[in-house]
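Participant: Chains as they are written, first to last, in my numbering: chain A, 1 to 403; chain B, 404 to 624.
Please keep in mind that the hints were generated in silico from the structure rather than gathered at the bench.
Some hints could be false.
Cβ pair distances, simulated, as ranges [said to hold, decoys possible]:
(1) A/1 <-> B/499: 17 to 25 Å
(2) B/430 <-> A/1: 34 to 42 Å
(3) A/287 <-> B/515: 33 to 41 Å
(4) A/26 <-> B/576: 40 to 48 Å
(5) B/420 <-> A/7: 26 to 34 Å
(6) B/482 <-> A/302: 43 to 51 Å
(7) B/420 <-> A/280: 48 to 56 Å
(8) B/605 <-> A/288: 54 to 62 Å
A virtual CB, placed ideally from N, CA and C, is assigned to each residue, including glycine.
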Amino acid sequence: MKVKDTLQFSIRALSGFGGRTWLMLLAMAIGVGSVVVLTALGDGARRYVINEFAQLGTHLLVVLPGRSETTGGHPPIMGETPRDLTLDDALALRRSPFIKQVAPIIVGSAPVSSRQREREVNILGTTAELYGIRHLEMSQGKFLPPGDPQRGSAVTVLGAKLKSELFGNRRALGRWVRIGERRFRVIGVLTAKGQSLGTDISDLAIIPVATAQSLFNRASLFRILVQARSRESIPRAKQAVLDIIRERHDGEDDITVITQDAVLATFDGIFRALTMAATGIATISLVVAGILIMNVMLVAVSQRTTEIGLLKALGAPQKQILRLFLLESALLSVAGAACGIAIAFAGVWALDRAFPDFPLQIPPWSLGAAVAVALATGLLFGVLPARRAARMDPVQALNSVGG
Amino acid sequence: MIRLRGVERMFQVGSETVHALRAINLQLDAGEYAAIMGPSGSGKSTLLNILGLLDRPDRGTYWLDEVDTTNLSEEQRADLRRHKIGFVFQSFHLVPRLTAAENVELPLVLAGMAPQRRKPRVEQALEHVKLTDRAHHRPDQLSGGQRQRVAIARATIMRPTLLLADEPTGNLDHHSGNDVIETLEALNLEGITLVIVTHDPEISRRARRRLQMVDGTIVDD
Numbered sequence: 001m002k003v004k005d006t007l008q009f010s011i012r013a014l015s016g017f018g019g020r021t022w023l024m025l026l027a028m029a030i031g032v033g034s035v036v037v038l039t040a041l042g043d044g045a046r047r048y049v050i051n052e053f054a055q056l057g058t059h060l061l062v063v064l065p066g067r068s069e070t071t072g073g074h075p076p077i078m079g080e081t082p083r084d085l086t087l088d089d090a091l092a093l094r095r096s097p098f099i100k101q102v103a104p105i106i107v108g109s110a111p112v113s114s115r116q117r118e119r120e121v122n123i124l125g126t127t128a129e130l131y132g133i134r135h136l137e138m139s140q141g142k143f144l145p146p147g148d149p150q151r152g153s154a155v156t157v158l159g160a161k162l163k164s165e166l167f168g169n170r171r172a173l174g175r176w177v178r179i180g181e182r183r184f185r186v187i188g189v190l191t192a193k194g195q196s197l198g199t200d201i202s203d204l205a206i207i208p209v210a211t212a213q214s215l216f217n218r219a220s221l222f223r224i225l226v227q228a229r230s231r232e233s234i235p236r237a238k239q240a241v242l243d244i245i246r247e248r249h250d251g252e253d254d255i256t257v258i259t260q261d262a263v264l265a266t267f268d269g270i271f272r273a274l275t276m277a278a279t280g281i282a283t284i285s286l287v288v289a290g291i292l293i294m295n296v297m298l299v300a301v302s303q304r305t306t307e308i309g310l311l312k313a314l315g316a317p318q319k320q321i322l323r324l325f326l327l328e329s330a331l332l333s334v335a336g337a338a339c340g341i342a343i344a345f346a347g348v349w350a351l352d353r354a355f356p357d358f359p360l361q362i363p364p365w366s367l368g369a370a371v372a373v374a375l376a377t378g379l380l381f382g383v384l385p386a387r388r389a390a391r392m393d394p395v396q397a398l399n400s401v402g403g
Numbered sequence: 404m405i406r407l408r409g410v411e412r413m414f415q416v417g418s419e420t421v422h423a424l425r426a427i428n429l430q431l432d433a434g435e436y437a438a439i440m441g442p443s444g445s446g447k448s449t450l451l452n453i454l455g456l457l458d459r460p461d462r463g464t465y466w467l468d469e470v471d472t473t474n475l476s477e478e479q480r481a482d483l484r485r486h487k488i489g490f491v492f493q494s495f496h497l498v499p500r501l502t503a504a505e506n507v508e509l510p511l512v513l514a515g516m517a518p519q520r521r522k523p524r525v526e527q528a529l530e531h532v533k534l535t536d537r538a539h540h541r542p543d544q545l546s547g548g549q550r551q552r553v554a555i556a557r558a559t560i561m562r563p564t565l566l567l568a569d570e571p572t573g574n575l576d577h578h579s580g581n582d583v584i585e586t587l588e589a590l591n592l593e594g595i596t597l598v599i600v601t602h603d604p605e606i607s608r609r610a611r612r613r614l615q616m617v618d619g620t621i622v623d624d
């Protein structure tokens with residue numbers, strides 16, 4: 001039997017049983033559709049988180065005082081307080097050829113006021129380099145001026161929310177605000193970029209690091225943000241930070257360096273696993289669809305018993321009948337998969353409309369995988385009915401009632 | 404062309420064993436026209452099924468064109484059915500979703516013949532049974548006699564040497580039954596071996612050879 005004829009025969013047979021064929025298509029379509037949509041959602045969540053991290057800056061290393069790693073052995077008998085990170089430590093890091101920029105950070109909290117309005121907000125003491133490291137954007141004015149970090153001037157950059165709380169729609173540039181007991185001139189306002197992983201960068205005031213040291217009367221840094229030259233130099237930059245600080249801290253490893261990539265890789269792994277799990281759960285619906293296909297094909301085989309008997313009488317060998325019925329299940333599952341993909345695209349489009357912030361995209365591999373699994377279930381669950389048809393006794397089949 | 408020796412067929416009905424055929428010996432030459440008669444349950448359909456290679460004897464030997472069919476595989480038997488044997492059934496067994504022409508074409512399609520070679524043969528076969536104008540009708544748009552003539556065209560399209568008809572007029576009125584028998588006889592005149600199972604004595608009288616069956620044996624030849 002020619003391939004084209006076989007196909008045509010199966011398609012005619014399927015279209016001859018309208019309602020049932022549609023039901024089966026629907027089941028398969030829902031299965032494939034849910035697999036594809038769920039992978040798109042999982043993948044979207046993963047990329048959403050990665051994107052959030054990327055907003056923190058690229059090739060980023062965060063240096064924290066104190067060791068957070070757990071090592072074996074007894075805890076020290078004498079209390080081991082970690083040495084503070086100082087501004088000089090931060091500036092010393094600039095020596096390394098693998099490090100592009102360094103931004104020391106001091107965080108404190110102080111009331112900020114202008115005229116009668118006052119707000120208690122986070123104050124960030126840092127240098128001009130934070131601008132490039134954190135990918136900040138200005139809506140008005142300039143960021144902190146570059147220059148000797150040891151010298152602090154009385155200038156401040158306000159977050160977008162803080163600016164509107166203090167000044168409303170009035171112009172803030174050039175105005176004076178009071179932070180703690182000191183007066184600062186507003187030289188810039190950040191764009192309302194919003195939240196980035198917990199820290200609301202729109203509700204803070206940024207001042208030079210040296211000024212912050214004297215304002216809070218504290219020399220120690222909260223952390224140091226380090227930007228490596230390139231992605232490849234991140235491990236060497238990390239080593240350089242450890243080496244330089246150890247040298248400055250009398251041979252003690254008393255800092256922790258977190259690389260952004262390590263955090264990213266962890267999240268990436270978690271979300272990939274979640275996507276896989278969701279896909280796996282959705283695959284169950286494909287199996288259900290497969291069982292439905294088997295069920296309906298069994299009914300089809302018993303309804304078409306006389307036809308099978310006739311085909312046998314006309315000289316169709318078992319293999320041919322097996323092929324015909326297997327092809328019917330395969331066609332059904334592939335057609336169902338095609339409908340399912342259409343449903344998935346429609347669903348993703350609708351979700352994308354409803355949640356424009358959430359990056360939704362159907363990963364190409366999920367399409368291939370869904371179709372492959374659909375076809376596999378169709379064939380797998382089609383084998384039993386097809387074998388039953390092929391092995392039928394022709395005499396009994398011809399004499400059976402119905403069909 | 405057909406030789407049966409000591410053919411037996413038994414069926415298990417509940418706890419009882421029914422002898423459908425007992426020690427059948429039969430020889431049919433090419434081009435013969437035989438009618439198998441007998442009351443229902445006499446084993447005439449079973450005999451026809453065995454002749455058509457749809458069923459296997461439990462004992463005995465069946466030679467078709469000097470080939471011992473008893474030990475052939477299922478696939479080889481299907482191949483013989485395809486090329487040497489045509490069936491006509493009481494209830495026609497047309498595929499309801501296919502047109503008359505497509506039903507006639509089915510054996511050629513199953514045999515894997517190219518479409519351009521199939522077409523003229525289908526037209527010729529339909530012309531032979533005088534149904535050219537009904538070629539694109541589906542079975543439910545045809546009368547019983549027309550349906551049976553489509554079935555005959557289908558049974559002969561592979562140009563078999565043996566045509567087996569199981570009560571071909573059983574579901575037809577007298578007039579269409581006559582048409583069908585005449586069509587079959589015309590084929591027999593062209594050289595096909597024709598075996599008809601019937602319990603209509605009028606039809607069996609027309610056959611050149613009559614086999615009377617009772618209780619699984621041929622009592623009169």
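Participant: Hint by hint, note whether the structure agrees.
Facilitator: These are the hints, each one checked on the structure:
1. Between residue 1 of chain A and residue 499 of chain B the CB atoms are about 20 Å apart, so this pair conforms to the stated range of 17 to 25 Å.
2. The hinted range of 34 to 42 Å is satisfied by residue 430 of chain B and residue 1 of chain A, whose Cβ atoms lie roughly 35 Å apart.
3. Between residue 287 of chain A and residue 515 of chain B the Cβ separation comes to about 36 Å, which falls inside the hinted range of 33 to 41 Å.
4. Hint check: residue 26 of chain A to residue 576 of chain B, Cβ distance near 46 Å, so the stated range 40 to 48 Å holds.
5. Look at residue 420 of chain B against residue 7 of chain A: about 46 Å separates their beta carbons, and that is not inside 26 to 34 Å.
6. With their beta carbons about 27 Å apart, residue 482 of chain B and residue 302 of chain A fall outside the hinted range of 43 to 51 Å.
7. Hint check: residue 420 of chain B to residue 280 of chain A, Cβ distance near 55 Å, so the stated range 48 to 56 Å holds.
8. Distance hint check for residue 605 of chain B and residue 288 of chain A: the Cβ-Cβ separation is about 59 Å, which falls inside the suggested range of 54 to 62 Å.
Consistency with the previously given hints fails for numbers 5, 6, ordered from lowest to highest.
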